[in-house]
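Undergrad: Make the full structure from the sequences, and use the hints.
Listed below, chain by chain, are the residues.
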Amino acid sequence: MADDVMARPASTVRAGTRRRPGRRSEQWAAWGFLLPVVTYLAAFYAYPLYRNLDLSLRHYTVRSFVQGGAPFSGLDNYRAVVQNATFGPALLHTVLFTGVSLIFQFGIGMALAVFFVNHFPLSGTLRALFLVPWLLPLIVSASTWSWMLNSDSGVVNWTLGLLGLDPVNWLTSPTWALTSVIIANIWIGIPFNLVVLHSGLQAIPTDIYEAAELDGASGWQRFRRVTFPLLRPVSAITLLLGLVYTLKVFDIIWIMTKGGPADSSTTFATWSYRFSFGNLLPQFGPGAAVGNLLILMAFAFGLLYIRIQRRQQS
Amino acid sequence: MTRSVKTLTGLALTAIMLFPVYWMINVSFTRDTDMRHEPPHLFPVHGTLEGYRAVLDQQGPYLGTSLLIGLGTVVLTLVLSAPAGYSLAKLRPAGGGVLSFVLLMAQMIPGIIMAMGFYAVYLRLGVLNSAAGLVLADSTIAVPFGVLIFTAFMSGIPDDLMNAAVVDGAGRFRTFWSIVLPVSRNAIVTVGLFTFLWAWSDFVFATTLDGGGSQQPITLGIYHYIGNNNQQWNAIMATAVIASIPATLLLILAQRYVAAGITAGAVKD
Chain A
1170 MADDVMARPA
1180 STVRAGTRRR
1190 PGRRSEQWAA
1200 WGFLLPVVTY
1210 LAAFYAYPLY
1220 RNLDLSLRHY
1230 TVRSFVQGGA
1240 PFSGLDNYRA
1250 VVQNATFGPA
1260 LLHTVLFTGV
1270 SLIFQFGIGM
1280 ALAVFFVNHF
1290 PLSGTLRALF
1300 LVPWLLPLIV
1310 SASTWSWMLN
1320 SDSGVVNWTL
1330 GLLGLDPVNW
1340 LTSPTWALTS
1350 VIIANIWIGI
1360 PFNLVVLHSG
1370 LQAIPTDIYE
1380 AAELDGASGW
1390 QRFRRVTFPL
1400 LRPVSAITLL
1410 LGLVYTLKVF
1420 DIIWIMTKGG
1430 PADSSTTFAT
1440 WSYRFSFGNL
1450 LPQFGPGAAV
1460 GNLLILMAFA
1470 FGLLYIRIQR
1480 RQQS
Chain B
884 MTRSVKTLTG
894 LALTAIMLFP
904 VYWMINVSFT
914 RDTDMRHEPP
924 HLFPVHGTLE
934 GYRAVLDQQG
944 PYLGTSLLIG
954 LGTVVLTLVL
964 SAPAGYSLAK
974 LRPAGGGVLS
984 FVLLMAQMIP
994 GIIMAMGFYA
1004 VYLRLGVLNS
1014 AAGLVLADST
1024 IAVPFGVLIF
1034 TAFMSGIPDD
1044 LMNAAVVDGA
1054 GRFRTFWSIV
1064 LPVSRNAIVT
1074 VGLFTFLWAW
1084 SDFVFATTLD
1094 GGGSQQPITL
1104 GIYHYIGNNN
1114 QQWNAIMATA
1124 VIASIPATLL
1134 LILAQRYVAA
1144 GITAGAVKD
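Going down the list, the sequences are from chains A and B. The first sequence begins at 1170 in my numbering and counts up one residue at a time. The second sequence begins at 884 in my numbering and counts up one residue at a time.
Accuracy of the hints is not assured; some may be wrong.
Stated by the list, open to error - Among chain A residues calculated to face chain B with C-beta under 7 angstroms, some are:
1) Leu-1291
2) Met-1317
3) Ser-1322
4) Tyr-1442
Read the hints as simulated data drawn from the structure, not as lab findings. In this text the structure is predicted, and so the values were computed from the model without any measurement. From the three backbone atoms N, C-alpha and C, an ideal C-beta is built for every residue, glycine too.
TA: Listed below in structure tokens is the structure:
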């Protein structure tokens, strides 16, 4: 029952909430159960976010950060951030990192989902093993990839050498740093795409395939004419969720390259962190401003995700 | 493709996918002197445990702290999200739809931004560099997910089950405690497992809120290792292997919960 219920949570959530509100005493009970989480949301989501907004609208120094009393500076921080020389590259890297990661994660995830949809000996076990990259702590994955991509002693460059290719300074050259973190991020994101698309594939009735096969459709045709259209709703959801979660990736980039060398792998997430925590002299105002721009991007796609999900359910 | 060819292909694909994991284990057993060997040893031929010895000597406290933080975060998350899920699923609160929406959006806020807000708040309150502060911060990764899972699961509990309890004179809380919670075991396990894993894996909050304290989690232990002794990669990878144990156990013991959790619109930073 658990798996069945959890496979489509949002529909049941809404089925539960759309009903008419109950009597007054029931309302007290209902909100009594919600009180802890609402208090919690206010204290540990809303307030930190408010502090962040406040940080971005004032001119803070280290002193006023501790003692308060920073002067209001309007949109100065945002203006400074947009005019900063790093803004353009950071935006470009954020778009590239997110876009390229998504394309490969989704493409490989889809191919694997199709591969795993028919049962064969060991298929369950192997599919479970594919979850490993997603479950590992990001610091583990990031440090493992760092060592594999090491210029002098990394196994990746050694493999390139076997193929007759020149070694690449993966993490230390501005040309390759962004590619390196994207590769690691794709590896981490494949399992999520595989699992969600696989469950979507299983929901497609098999008699549709059998009908297509009887009509003489080849494997590729069946995928293009049957699977892909029927999987479009699930695909949209997977891609949008992936987008929101990739936008906020920080750990992998920071651990592998710290956004460098020379901003070559800086995204909004690492840039924001570097303003606030990466220098000896923290610049909380600009850091918060970059962070809030990132929230706006995440929310824009998040709202799109929720809209599409609701439309599919009605 | 015949079934055995498919199995062979599957094995090959899995081997490629898991190569980094194998490499981590391989390096963790490699001697310092072989670390930059050309060509690299594909198997730990002159295997050593010096990496693991270094971990046991130096990383013990970090592991203990991570365990503590993980368990604390699980308790806090369950206490907050199970009652909320019950209310949203069964008690029809006015404004429940808005709350569900807020929770969905909350999941989308980048952790790094939450961390900056927390930093400002914690500095004032004086709870920087404490395990309790990290428990609170880590729970923000898991609470929206927890409410989502509990709401979905509890919506599936038949109303008759609860009505029977009410007829017997049980109050809302009794019903929740002795009827709803026991049958929600699967949801509790799913939320608990994911919460533990996220808290155990957290790096963003740890590095911003706990960079200078004496109670630091294992993710920072690894991070300091990378920063300090760049040469001792067997020790770094040995720590990484040990830090991966919870994920491995989770996969072995609770596979079906993992797949269910991911499909439920799962989240990860």
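Undergrad: Given A:Tyr-1442 as an interface hint, is the shortest Cβ-Cβ distance to chain B below 7 angstroms?
TA: holds, 5 angstroms
Undergrad: Using Cβ atoms only, decide whether A:Met-1317 comes closer than 7 angstroms to chain B, and label the hint accordingly.
TA: Holds, because the Cβ-Cβ distance from A:Met-1317 to chain B comes to roughly 6 angstroms (cut-off 7 angstroms).
Undergrad: Tell me if A:Ser-1322 is really an interface residue toward chain B, meaning its C-beta lies closer than 7 angstroms to one of theirs.
TA: holds, 4 angstroms
Undergrad: How about A:Leu-1291: closest beta carbon in chain B under 7 angstroms, or not?
TA: Since the shortest Cβ distance to chain B is 5 angstroms, the answer is holds.
The structure meets every hint from the earlier list without exception.
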